[in-house]
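Participant: Chain A is fixed; fit chain B onto it per the hints.
Taken in sequence, the protein lines are chains A and B. All you need for the working numbering is the position in the first sequence, starting with 1, plus 235. All you need for the working numbering is the position in the second sequence, starting with 1, plus 235.
Hints in this document: simulated from the structure, not taken from any laboratory. We put the CB at the ideal spot given by N, CA and C, even for glycine. Treat the hints loosely; a few may be bogus.
Unchecked claim - To be clear about the criterion: a stretch of chain A counts as covered by chain B if any three or more of its residues have a C-beta under 8 Å from a C-beta of chain B, and this derived list gives those stretches:
(1) 262-273
(2) 303-316
(3) 536-545
(4) 554-560
Protein chains: 2
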Amino acid sequence: MFEFDILQQEGRARRATFRTPHGTVTTPMFMPVGTQGTVKGISPQELLDIGSQIVLANTYHLMLRPGEQLVAAHGGLPGFTAYPGPFLTDSGGFQVMSLGHMRKITEQGVTFKSHLDGSRVELTPERSVEVQEALGADVIMAFDECPPYPAEPLYLQRSLERTVRWLERCLEAKTREDQALFAIVQGGTSGELREQSLALTLPFATPGFAIGGLAVGEPKEEMFPAVALTTGRLPAHKPRYLMGVGHPEDLIAGVALGVDMFDCVYPTRTGRFGYALTDDGRLNLNSSAPRRQLEPIDSGCDCYACRSYTRAYLAHLIRAEEMLAPRMLSLHNLRYLHRLMARAGDALQQGTFFNWATAWGERYFRQEVPAWFQKALETGAGI
Amino acid sequence: MFEFDILQQEGRARRATFRTPHGTVTTPMFMPVGTQGTVKGISPQELLDIGSQIVLANTYHLMLRPGEQLVAAHGGLPGFTAYPGPFLTDSGGFQVMSLGHMRKITEQGVTFKSHLDGSRVELTPERSVEVQEALGADVIMAFDECPPYPAEPLYLQRSLERTVRWLERCLEAKTREDQALFAIVQGGTSGELREQSLALTLPFATPGFAIGGLAVGEPKEEMFPAVALTTGRLPAHKPRYLMGVGHPEDLIAGVALGVDMFDCVYPTRTGRFGYALTDDGRLNLNSSAPRRQLEPIDSGCDCYACRSYTRAYLAHLIRAEEMLAPRMLSLHNLRYLHRLMARAGDALQQGTFFNWATAWGERYFRQEVPAWFQKALETGAGI
Numbered sequence: 236m237f238e239f240d241i242l243q244q245e246g247r248a249r250r251a252t253f254r255t256p257h258g259t260v261t262t263p264m265f266m267p268v269g270t271q272g273t274v275k276g277i278s279p280q281e282l283l284d285i286g287s288q289i290v291l292a293n294t295y296h297l298m299l300r301p302g303e304q305l306v307a308a309h310g311g312l313p314g315f316t317a318y319p320g321p322f323l324t325d326s327g328g329f330q331v332m333s334l335g336h337m338r339k340i341t342e343q344g345v346t347f348k349s350h351l352d353g354s355r356v357e358l359t360p361e362r363s364v365e366v367q368e369a370l371g372a373d374v375i376m377a378f379d380e381c382p383p384y385p386a387e388p389l390y391l392q393r394s395l396e397r398t399v400r401w402l403e404r405c406l407e408a409k410t411r412e413d414q415a416l417f418a419i420v421q422g423g424t425s426g427e428l429r430e431q432s433l434a435l436t437l438p439f440a441t442p443g444f445a446i447g448g449l450a451v452g453e454p455k456e457e458m459f460p461a462v463a464l465t466t467g468r469l470p471a472h473k474p475r476y477l478m479g480v481g482h483p484e485d486l487i488a489g490v491a492l493g494v495d496m497f498d499c500v501y502p503t504r505t506g507r508f509g510y511a512l513t514d515d516g517r518l519n520l521n522s523s524a525p526r527r528q529l530e531p532i533d534s535g536c537d538c539y540a541c542r543s544y545t546r547a548y549l550a551h552l553i554r555a556e557e558m559l560a561p562r563m564l565s566l567h568n569l570r571y572l573h574r575l576m577a578r579a580g581d582a583l584q585q586g587t588f589f590n591w592a593t594a595w596g597e598r599y600f601r602q603e604v605p606a607w608f609q610k611a612l613e614t615g616a617g618i
Numbered sequence: 236m237f238e239f240d241i242l243q244q245e246g247r248a249r250r251a252t253f254r255t256p257h258g259t260v261t262t263p264m265f266m267p268v269g270t271q272g273t274v275k276g277i278s279p280q281e282l283l284d285i286g287s288q289i290v291l292a293n294t295y296h297l298m299l300r301p302g303e304q305l306v307a308a309h310g311g312l313p314g315f316t317a318y319p320g321p322f323l324t325d326s327g328g329f330q331v332m333s334l335g336h337m338r339k340i341t342e343q344g345v346t347f348k349s350h351l352d353g354s355r356v357e358l359t360p361e362r363s364v365e366v367q368e369a370l371g372a373d374v375i376m377a378f379d380e381c382p383p384y385p386a387e388p389l390y391l392q393r394s395l396e397r398t399v400r401w402l403e404r405c406l407e408a409k410t411r412e413d414q415a416l417f418a419i420v421q422g423g424t425s426g427e428l429r430e431q432s433l434a435l436t437l438p439f440a441t442p443g444f445a446i447g448g449l450a451v452g453e454p455k456e457e458m459f460p461a462v463a464l465t466t467g468r469l470p471a472h473k474p475r476y477l478m479g480v481g482h483p484e485d486l487i488a489g490v491a492l493g494v495d496m497f498d499c500v501y502p503t504r505t506g507r508f509g510y511a512l513t514d515d516g517r518l519n520l521n522s523s524a525p526r527r528q529l530e531p532i533d534s535g536c537d538c539y540a541c542r543s544y545t546r547a548y549l550a551h552l553i554r555a556e557e558m559l560a561p562r563m564l565s566l567h568n569l570r571y572l573h574r575l576m577a578r579a580g581d582a583l584q585q586g587t588f589f590n591w592a593t594a595w596g597e598r599y600f601r602q603e604v605p606a607w608f609q610k611a612l613e614t615g616a617g618i
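For reference, chain A alone in the conformation it holds in the complex:
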């Protein structure tokens, strides 16, 4: 179980299979986020249709509502949500920081007031593992602190050290053999602190490693060197998961640097706001031009929305505030990211990944390829 087999490698980029109790998935891959036990507006059948492989669910949300015991009574997340494939749950740490009120961090864990009813809740490494075991995902995450950006170096250092002690307690608390617990490397954008976190975390030899503490507001010029440093030190034969990253250009740069797994609410959220992802950048269907365009969002896309609808129809749905609009744009955007990762995988199979990624970037950025993207590709290619 949890075997990770690299099928192709080109520079740092790799294509691999990752075996989980609910199925074997192929990386690089984007994982849709089903915060409250549903990818917003999308059915499990549609997730299967568009090629989703692992679905995320949020420990913080599900422990507060409906409570992890109800999910366990359904046999875990697949029974509860009707998505039959693998799941990944986060630890709840990140949401406590972003959604909990009056939160207080101690060595023991975090206490906070629920954003739903203001009740006082405690989340500790042990409690996070207990909830994640009840939810029953295939991959579970160590309870960590994700500090904000910017943060003082001293705070970052104390936090990353505590996160390592919490990791140890998570592993101690863990009882299920059919769940892989991934450790999370922290350290913000500081090379020195990343190195410290890596030195303290790698000895735990968890079956996979996440890169945390990034995509929290820092510039990409700082984020991707931190990714590069981390993937350069992580063990080659274990999956690497860059948390909270979902913009197309960030996925390509991440794959170039050797990342295998990504997740983000971005494709569904931007879809609900009326935006569609394409190789030519983000299409704004709230603007006036699409209202008269009789072509699909993307004639090269095989999603239901692109096979069925014109831009004019979808723009009409948005103006009419029809539920089908966020549904169809979310579906298209998820399919776009799944196809993007499949295309990256195809290029890796053919040994043409860096050429393909360069060409993709030139079209996406309309010839104005930013330096951070160029640099990520060069670092990944070993230039």
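Facilitator: For chain B alone, kept in the frame of chain A given last:
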């Protein structure tokens, strides 16, 4: 084209096929409402999956936004909405009354201010037909006035006479051979006025007739005798459409009285509010009991929601305000009404419709069958 063939008859109730340019449908049937060119939250593929046969669209809404010319540029409603089957458009008259501001009715037609932008719009019999021809539905409706309930008899009489003059103008204006225009019988709940409307309307010998002016707030004790009077006078070999009716008990009573077609926003609207239709009445998924129930809405239902989800999961989605909740409850409710009409058709095939309908009513009303329902079944059965 537009052949209506009665396959079985039992008392007044009948099962028939109705041929349209976009396909042959089987009656009795319920038609989902796609007001703005989409059945709220439901994809065309899902409509096909659950057995929808004809989809309604609203002339008033589509002429105001996006404008009928954009729909025509897509080749009409099937190209615009991606639903490949037959459509029916209403005339716009009803919505002008319920949504238009500052409306003024004259012999010429109706002027009103758009509920979207306040602009002054005129709708006449000729304009209604023009818009409906651009939308391209298989069945189009005569431009009529649907008076409120209650209304003065004198007003009702003048209105129904004007509606007949408008019918004549609609037929005059109509140019497309591939669209069937249905006349609408008015007259409120007055037997005398219904008779007058019938006497004036029947000579036009349109390919189908609608029963209008009902389900606008009158008690069922007044509504169903008006239905019974009308179906008793309509020609046998043409389809009969009871407008705006969609409660399960009203469909059964209507079928008993010889109605073939129904439409209503009820199943999707009540679904968005968290209610599910079942043979045992309406299930309120907002209440606390379903939150712990691990069974489906209806174990006898074959819809995606019932095959995939527990009541507890759906109740969680409602509390979490997740889009999948209204989507799944709308889907279930539409499927429930389609199955209800298919079951009525099966009973008609077996010559057991009135027995089946009586048993259905006893379960649905929990033994307390209302007199109006009982009376409708008796009238339909010829007792």
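Participant: Quick check: which numbered hints come out false for this structure?
Facilitator: none
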